[in-house]
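*Asks:* In the order they appear, the protein sequences are chains A and B.
Residue numbers are given in the numbering used here: position 13 of the first sequence equals residue 183, and the series is strictly consecutive.
Residue numbers are given in the numbering used here: position 313 of the second sequence equals residue 852, and the series is strictly consecutive.
Calculated from the structure, these hints are not laboratory results.
Bear in mind the structure is a predicted one, so any value in this text is a computation, not a measurement.
Keep in mind that the hints are not guaranteed to be accurate.
What the hints assert, rightly or not - Some, not all, of what chain B presents toward chain A, calculated at C-beta under 10 angstroms:
id, residue
1, 583
2, 696
3, 699
4, 727
5, 729
6, 755
7, 756
8, 758
9, 782
10, 783
11, 793
12, 795
13, 809
14, 811
Using N, Cα and C, we set each Cβ at its ideal position, and we do this for glycine too.
Chain by chain, the residues run as shown.
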Amino acid sequence: MNHDAPLLDVRNLVKHFHVGGGLFGGRAGVVRAVDDVSFSIRRGETLGLVGESGCGKTTTGRCILQLERPTRGQIVFEGRDLTTLGEDELRPVRRKMQVIFQDPYSSLNPRMTVGQIIAEPLAVHGIVPDPAQRAARVRELLGHVGLLPQHARRYPHQLSGGQRQRVGIARALAVEPALIICDEPVSALDVSIQAQIINLLEDLQAQFGLTYLFVAHDLSVVRHISDRVAVMYLGKIVEITDRKSLYDAPLHPYTKALLSAVPIPDPALEAQRERVVLGGEVPSALNPPSGCVFHPRCPIAVDRCRGEVPELREIRPGHRAACILA
Amino acid sequence: MGVLLEVENLTTEFVTRGGVVRAADGVSWDVGEGETVALVGESGCGKSVSALSIMRLVAPPAGRIVGGRVLFKGRDLLALSDEAMRQIRGREIAMIFQEPMTSLNPVLSIGRQLTEGLEIHLGITPREARQRAGELLAMVGIPDSERRLGQYPHQFSGGMRQRMMIAMALACNPSLILADEPTTALDVTIQAQILELMKDLSRRLAVAMLIITHNLGVVARYADRVNVMYAGRIVERGTARELYANPRHPYTLGLLRSVPRLDEPRRARLDPIEGQPPDLTRLGAGCAFAPRCAFQVARCAVERPRLVPIGGGGHVSACWEAANLDRAVARSGAAT
Numbered sequence: 171m172n173h174d175a176p177l178l179d180v181r182n183l184v185k186h187f188h189v190g191g192g193l194f195g196g197r198a199g200v201v202r203a204v205d206d207v208s209f210s211i212r213r214g215e216t217l218g219l220v221g222e223s224g225c226g227k228t229t230t231g232r233c234i235l236q237l238e239r240p241t242r243g244q245i246v247f248e249g250r251d252l253t254t255l256g257e258d259e260l261r262p263v264r265r266k267m268q269v270i271f272q273d274p275y276s277s278l279n280p281r282m283t284v285g286q287i288i289a290e291p292l293a294v295h296g297i298v299p300d301p302a303q304r305a306a307r308v309r310e311l312l313g314h315v316g317l318l319p320q321h322a323r324r325y326p327h328q329l330s331g332g333q334r335q336r337v338g339i340a341r342a343l344a345v346e347p348a349l350i351i352c353d354e355p356v357s358a359l360d361v362s363i364q365a366q367i368i369n370l371l372e373d374l375q376a377q378f379g380l381t382y383l384f385v386a387h388d389l390s391v392v393r394h395i396s397d398r399v400a401v402m403y404l405g406k407i408v409e410i411t412d413r414k415s416l417y418d419a420p421l422h423p424y425t426k427a428l429l430s431a432v433p434i435p436d437p438a439l440e441a442q443r444e445r446v447v448l449g450g451e452v453p454s455a456l457n458p459p460s461g462c463v464f465h466p467r468c469p470i471a472v473d474r475c476r477g478e479v480p481e482l483r484e485i486r487p488g489h490r491a492a493c494i495l496a
Numbered sequence: 540m541g542v543l544l545e546v547e548n549l550t551t552e553f554v555t556r557g558g559v560v561r562a563a564d565g566v567s568w569d570v571g572e573g574e575t576v577a578l579v580g581e582s583g584c585g586k587s588v589s590a591l592s593i594m595r596l597v598a599p600p601a602g603r604i605v606g607g608r609v610l611f612k613g614r615d616l617l618a619l620s621d622e623a624m625r626q627i628r629g630r631e632i633a634m635i636f637q638e639p640m641t642s643l644n645p646v647l648s649i650g651r652q653l654t655e656g657l658e659i660h661l662g663i664t665p666r667e668a669r670q671r672a673g674e675l676l677a678m679v680g681i682p683d684s685e686r687r688l689g690q691y692p693h694q695f696s697g698g699m700r701q702r703m704m705i706a707m708a709l710a711c712n713p714s715l716i717l718a719d720e721p722t723t724a725l726d727v728t729i730q731a732q733i734l735e736l737m738k739d740l741s742r743r744l745a746v747a748m749l750i751i752t753h754n755l756g757v758v759a760r761y762a763d764r765v766n767v768m769y770a771g772r773i774v775e776r777g778t779a780r781e782l783y784a785n786p787r788h789p790y791t792l793g794l795l796r797s798v799p800r801l802d803e804p805r806r807a808r809l810d811p812i813e814g815q816p817p818d819l820t821r822l823g824a825g826c827a828f829a830p831r832c833a834f835q836v837a838r839c840a841v842e843r844p845r846l847v848p849i850g851g852g853g854h855v856s857a858c859w860e861a862a863n864l865d866r867a868v869a870r871s872g873a874a875t
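Next up, chain B with everything else stripped away, as it sits in the complex (with noise of 0.2 angstroms):
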């Protein structure tokens, strides 16, 4: 599987009120061809900013990308001309949002804004892109689409405008699919069906996919990598399997944690992560989980961990602590 995908030191600013804010800072990973990989994290880590940040949608002036680079198929995306970009955004790689009520225009047709971006990226003819649309609605498994393509978004449930994004981001053929909170705005029995719909159609046309989340279940059902960020930086990565099995950074262990789970017998007590996720703006020398973490020791205030391998199939941790980890979780395991 080679890779599709690869951003390096990626750096995103914005000017807020309160100072500079490094929403993503020197953020590195990568997707391989057809492989799900997921950013999991709480609002503000910065994951969704990594994906607007490759799809250059960052909004100046107040955002910016200030460093590195982000190599599809071998090409930096950041070094293209906007023209080159149009040609990547949409065709080569399509966006998912959690709220497709306001990602679709509301006074064009479904079957328009299907037809537009066919007519546009691929240079076919109307007819052509209203056939293609009508067979794209059906895989998506939106039934009596003639019908439907002559409706408008408010005429579609919030399952049916999750199936028609899906159905627009499938529209070119795109080899890589950033999907940003795809169901968090579903009700549980439909995102059961989007998300089943998802797995099903990036297996069946080998699109590979970049799963943005904060739902740590969607994850473990979906992704065959996962990367955990907090504060703008990558904390922790590795095979859903392993990082589920094995957590070497707090910040995971404490998600993980934190959410009860209808699995396991019921606790007497959640486990949270205590205190508030940081202030971007006054982020210190030392690593910014510290303050809320349960296995800090003195080095950790003082200065920032880096990513480093743990074992071995690629699981990397950015803790002191990372090595001590399992130890120190089978003592607090205990004493509980």
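Next up, chain A with everything else stripped away, as it sits in the complex (with noise of 0.2 angstroms):
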């Protein structure tokens, strides 16, 4: 066991979003976008959230950063519940972490240079204030996500969707951060760059001590990446364990249908495997089932699932599980 505090704790998360009722009609309702999650990060541990489009695991990273404030719940990060503090105190734990964004293009400025923008940062929150130091660390950062020097005067568009995705990295990397949030930071790129981008992310992970939490949808990489899994549906977590646990003997239905549903690359195999394929389509968050959110999609769905919101509940040691069958 480890008794050290985790780095980030979320208790009892939940963010609601209003919507309708405006000036144009449409019938006012509350979005559940995050319903009552909780998990923890230890320091220098990867914690993987997968789950579809609309499962709130984005939403999760925004509560995190304080980006949204969170509806309900606690969001404890370094032992300060971050919840409770204002703008001026949360500017310096803004520093401590950092995010890494899908689409490495829109989120950097195209009319600033590379050099620019992971020099930013550096001036913004005063950690090198002269320029030249400034430079020079610039030319260290770019060191670290395999970049030249020269990369230094190019522009975004100048620069490929791998190497884009290195310049955001450094940009994330130069204020020293103790968490990054990574939000599906390689499902844009191609396939033959993604391996190198994860590469370069656990390599940095050994050197500076990083912790992660992995925004993803695709299981395969979250599987590589991950020491420990959090599988999101509808705004609840349904499935929390050690990654093998939960890839080798997963409890909750969803995620067995979303392992099922990954193709293999490989067409003797394929066509020898049984595939769950899951009817229907995610619910609206506006107005969730009744019960468990997902037994209108259950495979094995009984009369108690309608009635009854199964609570995440250790199965196993170490592994949890929201399903009254697990």
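Could you use the hints to bring the two separately framed chains together as a complex?
*Replies:* What follows is the structure, given as structure tokens:
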């Protein structure tokens, strides 16, 4: 057991969005984007957060960064509850938490050179006030992410997708963060480049002792990079455990269906594989189903699932799942 | 099984600020009747341009087809009049795109978008078209089709829109469907639904399919034969089983090795293809993959390899070292 306090402890996080009811009508309603989510991440660990679009994984990340203020719950980072802090108190904390986005092109300013993009946080946070020293630090950061000093003079459009993502990583590293939220960092990249970036993220983690929250929908990539994995569906965590237990012995029927839906690049194997193809689609978070939110699509649902909200309970040591049949 | 579509030496160029780019550079491939063939490769490799060229949808003046033939049922599509080509498009050859929202008209009802093509191509009455549209929606698994016909694209989910695109593609009983990244924008569980639907319908209706994708897993499950493209050229082709079991181009091998796989033990480190895709305006005389290739020899930098047969069964590879690749692979496998 690790008795150290976790770096990040998310407790009973709830984020609701109010929609409709405005000038142009539409019925007012509440989207339960994140609905009572709890997890923690230890220092130096990678937690994978997987789920399909609209499951709340990105909103969870934004709440941790305090880009969205949670409706309820606590975000305890290095022992302080961020939800109680004002903007002034948050500023130094934000340095410790950085984010890498899916699309490096839309998250880099097209009018700034790579050098300016990486130097900006160093100047804004007053980390390296001297311009000459700042230029040296930019060169060092470029080296850390596998780029050359001359890349500092280029503009984002002059780089390939993989190189742009390296710039995004260098910018995140510039402020020496403790936690990096990686929001689908490789899904917009070509297959051959994805592996380069994943290896880079792992190298940097080892070198700088970084902690990652790795938000993604690709289960093969998540297995590769994560120590533990949480699976989200419609605003809730349905299963959370260490990597090996999740992939070797998944307990929740949604996790099983997700794993089964991933095609394997081997025609001979694929021909023999039985697939669990889920019917229907993810219901609206505006009007989630009663009981277990997964029951309308669940291949093993029973009557009780319609009425009873399953608790995320420990079924095996260190392995929790929200299913009454698990 | 007869040949339905035969692409010969197709060359398509684009004029860019950096110079002229050969997006498809003398590519040849074919699709048999009822067969599912894949074009695999990464962004900019020319796979989508190949499909657009077949439909003659490459937009001038920037893009133009500068050479080759596209024989569909024996007729060269590149030599047809615009009017004759319109009869082929949507009727004999249909297309499904990656992002259904941008290829559907947001201000026309679902029903109208389906019936328009039916009335134009099949010359049937609006009432008959409406009935056929309902049948098509039911066929692609959209329940409550009468009500759905009156709705608009924004009222459909992403998966439903892609089902709708498939219904539109099937509307006039085409013999070939070109599907360009049909499931890339969809969630994993919906992707599985759509792929199973496409596979089932293509078998039941005996429609041939060209699937354009970057996803090697999708290809493994759904394609009979696979063409791998890199920098505007086909670098390897074979039956799906042969290509995955016995890749003979370093790029194919690199792609297969770089993806983490759920069916294999987790590796400590991924094995990427190093370097960046080439700038197509600055291709040299040699093999375009050489700068990133672990198996390159002196010849690769100066002389471009042609596709040559490897064993039998139509397996071809464009690599000077193709014959030695299996030994090299065995050696490097032992070393890691």
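*Asks:* With reference to the structure, classify each hint as holding or not holding.
*Replies:* Status of the hints after comparison with the structure:
1. Annotation: interface hint on residue 583 of chain B holds; nearest CB of chain A at approximately 9 angstroms, less than 10 angstroms.
2. Interface restraint check: residue 696 of chain B against chain A, minimum CB-CB distance 5 angstroms, threshold 10 angstroms, status holds.
3. Interface restraint check for residue 699 of chain B: the shortest CB-CB distance to chain A comes to about 8 angstroms, inside 10 angstroms, so the restraint holds.
4. Interface hint at residue 727 of chain B: satisfied, since its Cβ lies 5 angstroms from the closest Cβ of chain A, which is below the 10 angstroms cut-off.
5. Contact between residue 729 of chain B and chain A, as hinted, is supported at the beta carbon level, the nearest pair being about 7 angstroms apart and thus within 10 angstroms.
6. Restraint check, residue 755 of chain B versus chain A: the minimum CB separation of about 4 angstroms is within 10 angstroms; hint holds.
7. Proximity of residue 756 of chain B to chain A holds as hinted, the smallest CB-CB distance being about 3 angstroms (cut-off 10 angstroms).
8. Residue-level restraint check for residue 758 of chain B holds (minimum Cβ-Cβ distance to chain A is 8 angstroms; threshold 10 angstroms).
9. Because the closest C-beta pair between residue 782 of chain B and chain A is about 8 angstroms apart, less than 10 angstroms, the hint holds.
10. The interface hint given for residue 783 of chain B is met, as the beta carbon of that residue sits about 5 angstroms from the closest beta carbon of chain A, less than 10 angstroms.
11. Against a cut-off of 10 angstroms between C-beta atoms, the interface hint on residue 793 of chain B holds, since the closest Cβ of chain A lies about 6 angstroms away.
12. Below 10 angstroms, beta-carbon pairs count as interface contacts, and residue 795 of chain B has one with chain A at about 6 angstroms; its hint therefore holds.
13. For the restraint placing residue 809 of chain B at the interface with chain A, the shortest Cβ-Cβ distance is roughly 4 angstroms, inside the 10 angstroms limit, so the hint holds.
14. Because the closest C-beta pair between residue 811 of chain B and chain A is about 3 angstroms apart, less than 10 angstroms, the hint holds.
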